[in-house]
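S.K.: This is what each chain is made of:
Number of protein chains: 2
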Amino acid sequence: MLGLDPGLRRTGYGALFMEDGRPRIREAGVLATPARGDLGRRLQGLFREVDGLLRELRPAAISLEDLFVHREFPRAAIALGQAQGVIWLAAAAHRVPVVALAPGAVKRAVTGSGRASKAQVQAAVRTLLGVRRVADPHAADALALAYAGLHRLRGRA
Amino acid sequence: MLGLDPGLRRTGYGALFMEDGRPRIREAGVLATPARGDLGRRLQGLFREVDGLLRELRPAAISLEDLFVHREFPRAAIALGQAQGVIWLAAAAHRVPVVALAPGAVKRAVTGSGRASKAQVQAAVRTLLGVRRVADPHAADALALAYAGLHRLRGRA
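Chains as they are written, first to last, in our numbering: chain A, 1 to 157; chain B, 1001 to 1157.
Because the hints were derived from the structure by calculation, they are not lab data.
One should not assume that every hint holds.
To be verified - Selected chain B positions facing chain A (Cβ under 8 Å, derived; list incomplete):
1) 1058
2) 1060
3) 1061
4) 1082
5) 1083
6) 1085
7) 1086
8) 1091
9) 1098
We put the CB at the ideal spot given by N, CA and C, even for glycine.
This is chain A alone, in the form it adopts within the complex (with noise of 0.2 Å):
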């Protein structure tokens, strides 16, 4: 399970897989992606950053934040969507299903609570995933949304 955290400046990944019935990391960073330059070229570079991760992880889910409203600009939420949308579509490209968690439930899964604050999520992904620190707070974030993903199609099966 991948989980990203998409920016268009850094977009924060990490993987899980499961060992002994337990969540492990596989990989987690912060994804390079030119910060300057032409919309187009910065959304390329996202695109086959993406793209990598897929080719190179083949995780067998994608979990993505599914952000109804963005609570800062209306233009953050534009921005925020250009990115959304090339992670989607190098996920079709390899045909790797995404599972879209509302803010609530993926802190609900780390900290079984909806509420949880930033701060209670990151120290509860450490202790669920058994590390002492994450070096990004948007691979962090990641991670949670890996969990969660898991927890989601848990849930299902």
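Start from chain A and add chain B according to the hints.
M.R.: Structure of chain B alone, referenced to chain A:
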């Protein structure tokens, strides 16, 4: 110049070329993208249609509306961003520059007023391009974008 008015269900397109110093319609219509199914498949359908248009028409540039604030719903802003992201990606793949135009700039280029109504814009487009009617309002919007894109590029030259 290819104008694109994106939506996930219907994306209008309109391509103009210059003849004797006047813009003429090369082709205009609505892209057929799957209305149902997985978002990834729908975005993939949009990408393929835009990719096909770029191969066929080889436009010098693409005109897209640059919405800072979406008038309706934040959800619509994200959906619009997803469709836009796919178009920017297709443009980057073909190395076609994108001219992003604010809605007011499109209205001003076509009617002379940044506050023209949709009906005024569509009537002006028909007059400017010398046609009695345009089959689809999305195609008419795309032609207005293409016209404004030509206007912008001429202004720069």
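S.K.: Is the interface hint for residue 1085 of chain B satisfied, with its Cβ closer than 8 Å to some Cβ of chain A?
M.R.: Hint on residue 1085 of chain B: holds, closest Cβ of chain A at ~3 Å, below 8 Å.
S.K.: A closest beta-carbon separation below 8 Å is what the hint needs, so does residue 1082 of chain B meet it against chain A?
M.R.: This interface hint holds because 3 Å falls under the 8 Å limit.
S.K.: With a cut-off of 8 Å on the beta carbons, see whether residue 1083 of chain B makes it to chain A.
M.R.: holds, 7 Å
S.K.: Given residue 1061 of chain B as an interface hint, is its Cβ closer than 8 Å to any Cβ of chain A?
M.R.: The hint is violated - residue 1061 of chain B has no Cβ within 8 Å of chain A, the shortest such distance being about 12 Å.
S.K.: Quick one, is the residue 1058 of chain B hint okay against chain A at 8 Å, beta carbons?
M.R.: Violated, because the Cβ-Cβ distance from residue 1058 of chain B to chain A comes to roughly 17 Å (cut-off 8 Å).
S.K.: Should the hint that residue 1060 of chain B touches chain A count as held when the rule is a Cβ pair under 8 Å?
M.R.: Residue 1060 of chain B check fails; min Cβ-Cβ to chain A is 15 Å, beyond 8 Å.
S.K.: Against chain A, with CB atoms and a cut of 8 Å, does the hint on residue 1098 of chain B hold up?
M.R.: With a minimum Cβ separation of about 6 Å from chain A (threshold 8 Å), the hint on residue 1098 of chain B holds.
S.K.: Does residue 1086 of chain B meet its interface restraint, that is, does its C-beta lie within less than 8 Å of any C-beta in chain A?
M.R.: Because about 5 Å separates residue 1086 of chain B from the closest Cβ in chain A, which is inside the 8 Å limit, the hint holds.
S.K.: If you take the shortest Cβ to Cβ gap from residue 1091 of chain B to chain A, is it below 8 Å?
M.R.: holds, 5 Å
Violation of the numbered hints given earlier is confined to hints 1, 2, 3; the remaining hints are satisfied by the structure.
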